[in-house]
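2 protein chains.
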Amino acid sequence: MPADHPEVQRLSNGILAAVAPLPDLESASFMILVPRGEIDDRPGRCGEATVLVEMLSRGTEHLDARAFVEAMDEIGLDRSFDASSEYLTISGSLLPRHFEKGLSLMKEMLAAPRLDPAELPAARQLVYQSALAIDDDPAEKVFVELKRRYHPPPYHRPFGSFPEEILQIEIEELREAARALPSRDLIVAASGKIETEKTLSLIEKVFTDFPNREPASFPQISPERKSGAEHVEKETGAQVQIAAAFPSIPFSDPDFIKVSLATAVLSGGMSGRLFVEVREKRGLVYSVRAFHSAFRPYGTVYAYAGTTPERAEETLRVLVEEMVRLGEGVSAEELKRARTQLRSRVVMSLESARARSGTLATDLFYRGRARSADEILEEIAAVTPEGLNDFLANHPFRDPFVLTLGPEWRKR
Amino acid sequence: MPADHPEVQRLSNGILAAVAPLPDLESASFMILVPRGEIDDRPGRCGEATVLVEMLSRGTEHLDARAFVEAMDEIGLDRSFDASSEYLTISGSLLPRHFEKGLSLMKEMLAAPRLDPAELPAARQLVYQSALAIDDDPAEKVFVELKRRYHPPPYHRPFGSFPEEILQIEIEELREAARALPSRDLIVAASGKIETEKTLSLIEKVFTDFPNREPASFPQISPERKSGAEHVEKETGAQVQIAAAFPSIPFSDPDFIKVSLATAVLSGGMSGRLFVEVREKRGLVYSVRAFHSAFRPYGTVYAYAGTTPERAEETLRVLVEEMVRLGEGVSAEELKRARTQLRSRVVMSLESARARSGTLATDLFYRGRARSADEILEEIAAVTPEGLNDFLANHPFRDPFVLTLGPEWRKR
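As they're listed, the protein sequences go chains A and B. Under numbering that gives the first Met the number 0, the first sequence has 124 at position 125, and the numbering climbs by one with no breaks. Under numbering that gives the first Met the number 0, the second sequence has 259 at position 260, and the numbering climbs by one with no breaks.
Treat the hints with care, as some may be off.
For chains that are exact copies, the list does not tell them apart, and a pair is met inside one copy or across any two.
Stated by the list, open to error - In silico lysine-lysine, DSS-like type, Cα no more than 30 Å apart, as pairs:
{"id": "1", "residue 1": "Lys204", "residue 2": "Lys100"}
{"id": "2", "residue 1": "Lys233", "residue 2": "Lys410"}
{"id": "3", "residue 1": "Lys204", "residue 2": "Lys257"}
{"id": "4", "residue 1": "Lys100", "residue 2": "Lys335"}
{"id": "5", "residue 1": "Lys192", "residue 2": "Lys335"}
{"id": "6", "residue 1": "Lys204", "residue 2": "Lys410"}
{"id": "7", "residue 1": "Lys100", "residue 2": "Lys280"}
{"id": "8", "residue 1": "Lys225", "residue 2": "Lys100"}
{"id": "9", "residue 1": "Lys335", "residue 2": "Lys410"}
{"id": "10", "residue 1": "Lys335", "residue 2": "Lys233"}
{"id": "11", "residue 1": "Lys280", "residue 2": "Lys233"}
{"id": "12", "residue 1": "Lys197", "residue 2": "Lys100"}
{"id": "13", "residue 1": "Lys225", "residue 2": "Lys192"}
{"id": "14", "residue 1": "Lys410", "residue 2": "Lys192"}
It should be emphasised that the hints constitute simulated quantities derived from the structure, not laboratory data.
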């Protein structure tokens, strides 16, 4: 396994510079994580964060949209701009010799974006189109409908909830949002063919004059999670989409590794319980899965399956039964397989600069520190069958909120 | 860039063993490509190839379904089994010390599959479910509808065309199909932390007693390609899905690299013409793209966009105009950017054993030989602006067949 020694340094404006070199690779990657997400969208403006990143990508004070794209292409910067619930991310991969130039362009974009009103109609329209496209993708739509109902404010308005609001967004609102982009806890993470000291200095040099601003305060949420079941009828789909949310712990919880191992027992590969019970033995569905996701204050384990109306009842029953049954414990053999899977995921992440800069940034965001691959492997190795089963007995996956989407199936 | 020296050797039963070590990596990967695809499905059995791989994965003569899964999990074999138009693929990644065991299990599965009738109902059902799921994914469905109409026999029945036929498949049909799996031109490609000579010998040792069988003959197809436009009404979607097929050359054509460069000018990244003209300037769609695909006898360049009914006419017009306009040539600047993109794709493929074993197998299948990364980079470097523009003038992307799917839009 390649050595992995992440280093983190805080700049005077509160920005976190984080570096984890992977010198065997040929390319370098960065992820800039800005702690301003969909939860910070103003009321009646669901989609603002997505329009904001789209508009940010359209130029700086000094470079108009066309010139900015050409400047990025000239250095072969393979980039993506994304908005999610709690943050925006700007990711890039490029050759090491262009690293400083790439980072400087991204910093200019964030600190002095152009936000040209002439670009807004096209930007709004295409974000609107992407929200409408979710309507045509039932496997994605079912999660939008689930999350709208399950999550407490401010997490209750996932992208795609209210497409029409996107068209209401005005340039002044985006300018205000851009002027409020925080420097404190903004993360600049880098990996690949780079050197630790040199790259930390480089990040400091590029980002040191980023305006000093505080992020919004940590969201206060209700401790209650919703349970029960609802159906959203959509006569046009062939399948019933089934999604369920089970309360869980956040990434920052020291026991979180046990949730990872538990979801791997359920859904990690072809001997996962859900795969075997729902797919292989009964042929109820083609794809079934469970996965963990979290916001800073709390976590959620989601389960998903899509099937015909005739099989929806049995599929939902087996799905929930298998989730609940995990509380009765897992076998030593299952834990061993789950460990192998998590371990290989850690090792493989060291073969990609893009993956490593991403895990570096999110680790810092959710845990406040950057773990090395060795540290994660030790966490995995330290979980005993007894430890995992004690945890699962005390934190069973139960009392889900279930949302089904598609043809009516309950009367059958 | 890591060194890349692919080596190929033919076994006495016609199997091609191919190896391209990437010793910097920690894992090893293989891809077994069996030249038996959906085009070999018998009449009235659309989906047979997919049910066949699903059933192959359910055990060998010596290991029942459960024992087979456990044997694969025990060595941490991360695998996938797929059927496509012209071949089946079995891909796996694992630690180098388990490589021989993994390969042996896969060979047993192909040479002596269990094909247990008790497994068939579940296997058929889940493949059926996956075909139905395409109905609920308009962006995928539009390509099934396009391909059914555009491609000549035997390429005219892509997976998902006739879901009901899946339920008709009988165990004797699968047994017959399994007994006919060809050895000649079956490809076993390996990459990652392996040694050339040792691995070639290992593949020979494992596969030498695979029964000697000939593949089906090379498909004879009509030289005519369909053009025109059709609409498939589906009132339930929010968007109109637009897909177009333009005739092109096969992978084996020495000019193929020019098609790759041309599609990169159209659709490679954010300064691609389609991205700029359809998305950035006009905001007509969120995602738009063009890409090349090919069967052995001929190639196709596909274009795709999804938009609202009100914008469908303009989107389709701009999309086709941009494709046709490529015949007027590209600028030196555009060629330079396209080259950079293709080059970085080649370099990055050397950072993944899975990707490299995949390109090794498909290169052998389509071109009859395995190119090194250096050879591909030389091909890319050798294309001049004049050479590319001459080619595009003689092979413009025109006379497409267009299929739209979704709400009626033509009367608006």
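The hints, checked one at a time:
1. Lys204 x Lys100: Intra 12 Å, inter 52 Å, cutoff 30 Å: intra-copy only.
2. Lys233 x Lys410: both (15 Å within a copy, 26 Å between copies)
3. Lys204 x Lys257: neither (40 Å within a copy, 42 Å between copies)
4. Lys100 x Lys335: between (45 Å within a copy, 19 Å between copies)
5. Lys192 x Lys335: Answer is between: at 24 Å across copies they meet the 30 Å cutoff, but 34 Å inside does not.
6. Lys204 x Lys410: neither (65 Å within a copy, 58 Å between copies)
7. Lys100 x Lys280: between (55 Å within a copy, 26 Å between copies)
8. Lys225 x Lys100: neither (48 Å within a copy, 48 Å between copies)
9. Lys335 x Lys410: For Lys335 and Lys410, the Cα distance exceeds 30 Å both inside one copy (42 Å) and across copies (61 Å).
10. Lys335 x Lys233: Answer is neither: 42 Å inside a copy and 48 Å across each miss the 30 Å cutoff.
11. Lys280 x Lys233: within (29 Å within a copy, 34 Å between copies)
12. Lys197 x Lys100: Cα proximity of Lys197 and Lys100: one copy only (15 Å, versus 44 Å across).
13. Lys225 x Lys192: neither (46 Å within a copy, 49 Å between copies)
14. Lys410 x Lys192: Neither: 59 Å inside a copy, 56 Å across copies.
Checked against the numbered hints above, the structure breaks hints 3, 6, 8, 9, 10, 13, 14 and satisfies the rest.
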